[in-house]
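In case you want the letters, here they are:
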Amino acid sequence: MRLSRDFRGTLIVAFCGLAFTLVAPEVLEFFTIITLSQVIGLAILALSLALVWGFGGILCFGQTAFFGLGAYAYAVTATNIGGSTGAILMAILVAAAFAAILGYFIFYGRVSDVYLAIITLTVALILYSLTRRTSGPEYKIGNALLGGFNGTAAPPLNLPGDAGTVLFPEDTFYVAMIVLILAYVFCCWLVRTHFGRVCIAIRENETRAELLAYDIRLYKLGIFTIGAALAGLGGVFFCVGVSRVTPDVFSLSQAAVAIIWVIVGGRGTLIGPILATFALHYLTASLGSQALLNANLVLGIVLIVFVLLVPKGVVPSIIDLADIRRQRRVARSRERRLRLRRTRNGSESAGVAE
Amino acid sequence: MDLVVSLALQILYGIANLALISLGLAIIFGMMRVINLAHGEFLMLGGYTVVIATNNGVNIWIAMLVLAPLVVGVIGVVVERLLIRWLYGRMIDTLLATWGLSLLFIGLVTSIFGASTATTISPPLGVITIGAYTSSGYEMFLIVVTVLLLVAVYATLKLTTLGLVARGTMQNAEMSSALGVSTSRIYMITFGLGAAVTGLAGGLLAPITGILPTIGAVYIAKAFITVISGGMAILAGTATASVLLGGVNGIVAFLTGPTIGEVALLVTAIILLRLMPRGITGTLFRKSL
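Residue numbers (this note's numbering), protein chains in the order written: chain R, 1 to 354; chain L, 1 to 289.
FYI, nobody ran anything at the bench for these hints, they're computed from the structure. Be aware that one or more of the hints could be misleading.
Computed from the model, here is a short list of chain L residues facing chain R with C-beta under 7 Å [to be verified]:
{"id": "1", "residue": "Leu96"}
{"id": "2", "residue": "Leu103"}
{"id": "3", "residue": "Ile106"}
{"id": "4", "residue": "Gly107"}
{"id": "5", "residue": "Ile270"}
Ranges of calculated distance between the beta carbons of each label pair, as one might list FRET restraints [unchecked claim]:
{"id": "6", "chain 1": "L", "residue 1": "Leu3", "chain 2": "R", "residue 2": "Glu210", "range": "48 to 56 Å"}
{"id": "7", "chain 1": "R", "residue 1": "Leu211", "chain 2": "L", "residue 2": "Met91", "range": "22 to 30 Å"}
{"id": "8", "chain 1": "R", "residue 1": "Thr193", "chain 2": "L", "residue 2": "Met91", "range": "27 to 35 Å"}
{"id": "9", "chain 1": "L", "residue 1": "Ile260", "chain 2": "R", "residue 2": "Phe30", "range": "16 to 24 Å"}
{"id": "10", "chain 1": "L", "residue 1": "Leu162", "chain 2": "R", "residue 2": "Tyr108", "range": "35 to 43 Å"}
{"id": "11", "chain 1": "R", "residue 1": "Thr193", "chain 2": "L", "residue 2": "Thr160", "range": "54 to 62 Å"}
{"id": "12", "chain 1": "R", "residue 1": "Glu29", "chain 2": "L", "residue 2": "Leu65", "range": "54 to 62 Å"}
{"id": "13", "chain 1": "L", "residue 1": "Trp86", "chain 2": "R", "residue 2": "Leu211", "range": "30 to 38 Å"}
{"id": "14", "chain 1": "L", "residue 1": "Ile92", "chain 2": "R", "residue 2": "Arg332", "range": "35 to 43 Å"}
{"id": "15", "chain 1": "L", "residue 1": "Ile260", "chain 2": "R", "residue 2": "Leu283", "range": "35 to 43 Å"}
{"id": "16", "chain 1": "L", "residue 1": "Ile92", "chain 2": "R", "residue 2": "Ile319", "range": "18 to 26 Å"}
{"id": "17", "chain 1": "L", "residue 1": "Trp86", "chain 2": "R", "residue 2": "Ala163", "range": "52 to 60 Å"}
Covered stretches of chain R, as calculated for chain L (at least 3 residues, CB under 8 Å) [unchecked claim]:
{"id": "18", "region": "109-119"}
{"id": "19", "region": "123-136"}
{"id": "20", "region": "249-258"}
{"id": "21", "region": "307-315"}
Positions of the beta carbon are idealized from the N, C-alpha and C atoms, including for glycine.
Please model the entire structure based on the sequences and the hints provided.
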């Protein structure tokens with residue numbers, strides 16, 4: 001009963017997303033639509049982190065490592081084979097494989113969560129300094145120059161099996177939006193499967209889950225790898241939206257904003273981080289157009305304020321608030337019913353007495 | 001022979017560099033179990049202090065050795081009082097809050113001084129000739145300073161009352177507060193000292209690397225990896241991890257180039273953590289400082 005009600009919520013959100021997809025190109029400017037494709041890539045990144053951190057309990061500060069690897073893998077593969085479909089699969093595969101290897105060392109070494117945060121962050125930062133150094137002509141994979149600081153060009157999407165038919169920016173927006181919705185529904189489904197519930201159990205209490213004979217290392221590695229695959233997919237849409245991929249995808253500030261989206265949106269929800277991505281991206285974009293307040297400054301303040309004052313994030317706080325109100329309402333109506341019954345009983349017993 | 005000496009000095013400098021940038025982080029982490037993600041920005045602030053002071057006519061040695069640690073130490077104390085002290089025991093929240101702080105510092109410095117620096121300072125010492133090879137005198141100076149700094153931290157922890165109380169607090173905060181130690185004050189002083197050491201390191205490195213608001217990102221990955229590989233013991237951990245990682249990095253970088261050298265550093269650290277999840281000093285030298 002509870003399960004079906006939860007899933008109804010997912011479907012409602014998905015339909016809202018679908019409605020937005022259909023309406024947005026009619027209402028918004030063309031430029032905004034192009035920008036939105038990038039933001040959707042970032043939203044998929046936020047979703048992947050929401051899954052890994054909020055449901056797997058894995059504090060992955062360097063989720064951007066997989067995001068960036070996905071973007072680079074897509075750009076390089078698409079440049080070499082000339083089509084985007086195989087390149088997208090490649091991006092997902094590279095990100096997942098890298099996460100599986102890294103995760104093996106982390107989870108089977110039983111690295112605790114704070115160390116894990118720092119290790120993943122460090123991996124992203126090392127990738128950052130590595131890709132920045134690849135500026136010479138000798139650094140190329142197939143036909144694709146890695147291009148160091150300037151990065152490499154990311155070819156646009158095309159129809160599956162037909163490399164000649166390149167999608168227009170509006171079509172790219174549709175595709176990205178549908179992928180985001182599907183990814184969201186997939187994550188909602190995943191956290192309700194047996195696998196997902198075990199992951200949540202591990203998040204709540206590792207020792208207890210282990211005593212119940214679940215191999216927590218394997219489950220953690222599983223959800224970590226799935227999250228990385230999603231992040232890689234996000235990287236594809238981000239670099240298609242920008243039409244370039246630069247080392248900045250691995251940078252410290254990129255890793256920071258991903259964390260901020262999840263903190264602001266709320267750990268333990270999937271829709272919160274997605275909405276936070278859109279909202280905060282809008283905020284930083286409008287801050288970028290004026291010189292008074294630096295975007296880093298504002299993001300830093302947002303992060304500190306949320307950690308100190310709203311540690312649960314926006315969406316869970318709203319849900320909590322609604323829950324409290326509903327409980328009060330239920331309590332009040334129950335009290336009223338009780339009082340009513342008591343008075344009725346009272347009058348009946350009075351009637352008998354007469 | 002000359003090549004060997006020159007290479008050895010180069011590797012030694014790499015090791016000293018790692019130890020220098022990690023020591024402040026290790027002090028704060030080892031003492032307070034707080035991983036300071038604004039560590040890179042403390043280094044950056046140390047660098048800015050030196051550049052601004054020398055541009056205003058202060059002697060460069062005074063700027064590097066006195067002003068940089070002083071300014072960043074004071075900033076550290078302020079940060080501890082305003083932010084960190086509300087978050088003790090909530091390790092993940094301290095990580096996030098210091099990350100916010102890191103962004104805040106980058107934003108502030110960018111707003112005040114701009115995204116790039118026009119003026120830089122050059123290393124104050126000349127070159128040293130070893131046979132057919134030359135080596136930077138300033139790098140030699142940094143090796144000496146790092147060793148002195150490690151000795152000074154060791155002496156402070158081992159020989160002074162403050163060090164004794166701090167070590168006691170590190171082992172068992174409740175017990176030491178029951179014995180009349182103000183643990184809150186000890187934490188404040190420790191954080192300030194860690195920040196001061198970091199500021200000193202940032203100031204000393206400023207002539208070599210130049211400074212930018214975002215320069216912290218260059219150091220921070222290496223500093224974290226060193227401290228985490230080292231484990232809980234402040235000095236032994238930092239020293240052993242620096243020797244291991246700096247050595248691997250130096251040798252591989254000599255053989256193949258700096259890019260592969262950094263990869264080797266990272267891979268070594270990850271394999272090390274697979275074998276010793278609590279760092280080097282979690283397995284070896286457990287009684288050390």
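* Which of the listed hints are broken here? -> 9
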